[in-house]
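S.K.: Based on these hints, arrange chain B on the given structure of chain A.
Read off the chains here:
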Amino acid sequence: MDQLRGLEGMNQLDLVDRAAHGDRAAFAELATQHIDRCFALAVRILRDRDRAQDATQQALLGAWRDLPTLREPERFDAWLHRLVVHACYTEARGTRRWNARVRLLPTSNAPEPDVAHAVVDRAGLEDAFAQLTPEQRAVVVLHHHHGYPLTELAGILGIPVGTARSRLFYAVRQLRTALDGDREPAVTPGERSA
Amino acid sequence: MTRSIDPLFDPRLADWLEEDESTAPEQALEIVLTSFPSIKQRRAVRVPSWTTSMSSTLRLGLAAAVVVAATLGGIYFLGPRPSSSVAGPETPTPSVADSPMVSKSPQAEPSASAEMTAAPPAGTPPPVGEITFGLPYHDCGHLPSIEAQVAVELGPIFRLKVFDGERLVADAYVTRVGVADGGLGYDVPVDVDRDGLITVQFGVVRGVFPQRAEDTRLDVELSQLGQLVARGVYECVPLSP
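Protein chains in written order, with my numbering: chain A, 95 to 288; chain B, 30 to 270.
Next up, chain A with everything else stripped away, as it sits in the complex (with noise of 0.2 Å):
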């Protein structure tokens, strides 16, 4: 890790370039840098810790070998946003040897009714997010967490615009209906465009 010293202060595009060149201590200090939020995008895709650890570093082992071939330095953080998306795809694909349901208890020490809700929101959230497929909590993720527009999603993702926006009205439309099922009428298309 000493020759991570004297790395820290330089730039991206140089990290980059450098280890794309084969560089291990500038590659080394963009895993650091990179790590935590591939690892934020693929827990939020994948729901599972286990799985989210082992796509954040299948991409980031990726990413390495295939840094040369990237043709845009300065849309490495999109690139590998790309990487993680995929190795999360990989990752769901496969058998699903153990899941763990945590489900709403009723306690003695009942809640506060505002909590009371949070609580049962959470859950209904965690129930309607698993519905959705993978292709579609990657586009969720992306835009409402990550913050990247459709447009640049859509080119992350390698999909048309209009269907990285169908993707997310639709799997927005299913997480609000999950909120609102017990109290709202479900949202329809005509009342989201509205």
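If you're looking for bench data, these hints aren't it; they were derived computationally from the structure. Any given hint could be a false lead.
Claimed, not checked - Part of the chain B face toward chain A, derived, beta carbon under 10 Å:
{"no.": "1", "residue": "Glu50"}
{"no.": "2", "residue": "Ser51"}
{"no.": "3", "residue": "Gln56"}
{"no.": "4", "residue": "Pro66"}
{"no.": "5", "residue": "Gly255"}
{"no.": "6", "residue": "Val262"}
Every value quoted in this text rests on a predicted model; they were computed, and no experiment measured them. For each residue, glycine too, the CB sits at the ideal point set by N, CA and C.
M.R.: Chain B only, in chain A's frame:
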């Protein structure tokens, strides 16, 4: 982390997304930093500068020549071959199936040697190889050494999972450089020979399976870059007195 950029996005959804973990486990960075140096980088494909100064006619002609050459090459390499070249000598798969205490996977796909005789079409998942086991300890309390015959080129890092029923009892990232990171606080000696035969000496690791009863069955999976490359089932059945 960036909050939702869509003002119509329900704040409850945004809060829920925000609440999730945003820090990777320390082990993840350790694994990446210790593994990547042994991975060979791909070569960049660079366009020679002289191609940009060519006339469009010349470029079109060159492109046509490349297409014709690729087509002829494809026909030559992918076309029908004499049958004698398909049936290569079979590679013996290591097995200790003679032992009454060891079983091979009933789910195992065609053996590695059979898969190696014909190239799979591009885009298909790699063939699944076979995991066999060395002689177990007499008390079934320890998993014996694992031998995996994989039918794909083995990369520098792969992952070994052992399930006791639905319970994951071992999850090890294994590098072919000598010693595996056991993932559960122990190191696992591992050996990969030139033919890709992996031997993992799980049996010498005491205390990994302290609670196992007899007649238990373990499912063992070996994966690489998210793809299953070998699997096997180990059953420890005590010998009759």
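S.K.: Each hint should be assessed against the structure and marked as holding or not.
M.R.: Okay, the hints, checked on the actual structure:
1. Glu50: 5 Å, holds
2. Ser51: With Cβ-Cβ at 4 Å, under 10 Å, it holds.
3. Gln56: 7 Å, holds
4. Pro66: 5 Å, holds
5. Gly255: Gly255 (chain B) check passes; min Cβ-Cβ to chain A is 4 Å, inside 10 Å.
6. Val262: 14 Å, violated
Of the numbered hints stated above, the single one contradicted by the structure is hint 6.
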